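Counting along the sequence shown from 1, when you hit position 21 you're at 21 in this note's numbering, and nothing is skipped either side.
Warning: the hint list may mix true and false statements.
[As the list claims (entries may be wrong)] The calculated DSS-like cross-link candidates involving lysine-lysine, where the alpha carbons are at most 25 Å apart (straight line), are:
#1 K100 / K16
#2 K72 / K16
#3 K40 / K16
#4 K40 / K72
#5 K72 / K100
#6 K100 / K40
Keep in mind that the hints were calculated from the coordinates and are not lab data.
Predicted model, so just to flag it, every value in this text is computed and none were measured.
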Amino acid sequence: MKNTIDKELDINITVKDQDGIVHTLTCPVDMGLTLKDICKVYELSMEAVCGGMAMCATCHCFILNDIELPEKGDIEEALLSELFTSNNTSRLACQIQITKELNGLSIEIAAN
Numbered sequence: 001m002k003n004t005i006d007k008e009l010d011i012n013i014t015v016k017d018q019d020g021i022v023h024t025l026t027c028p029v030d031m032g033l034t035l036k037d038i039c040k041v042y043e044l045s046m047e048a049v050c051g052g053m054a055m056c057a058t059c060h061c062f063i064l065n066d067i068e069l070p071e072k073g074d075i076e077e078a079l080l081s082e083l084f085t086s087n088n089t090s091r092l093a094c095q096i097q098i099t100k101e102l103n104g105l106s107i108e109i110a111a112n
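Construct the complete structure from the given sequences, taking the supplied hints into account.
As structure tokens, this is what we get:
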């Protein structure tokens, strides 16, 4: 079994956790996972209380670099607008599907 990244099926995403520690996550793009799922797999400090149903905003994160992401949906916009800590780089990790276009994405998990 190889212990290397398959350039066709895996990407790297950098995540700064709530303690300021930066993690590089290897993410498969062929499993239908979200950014929230990947953070949970790596046991990072992202609550995601609703399990990815876009109902709680506890997977709030900040996008740190200029990677093009899918547009925010109405529900995501509404949830983020209710947070005191949100800004124009805020996203819900449960609403971001892992795709090859996200290779190199850098995020910071928002404080709860």
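_Hints violated by the structure (listed by number, smallest first)_ = Violated hints: none; all satisfied.
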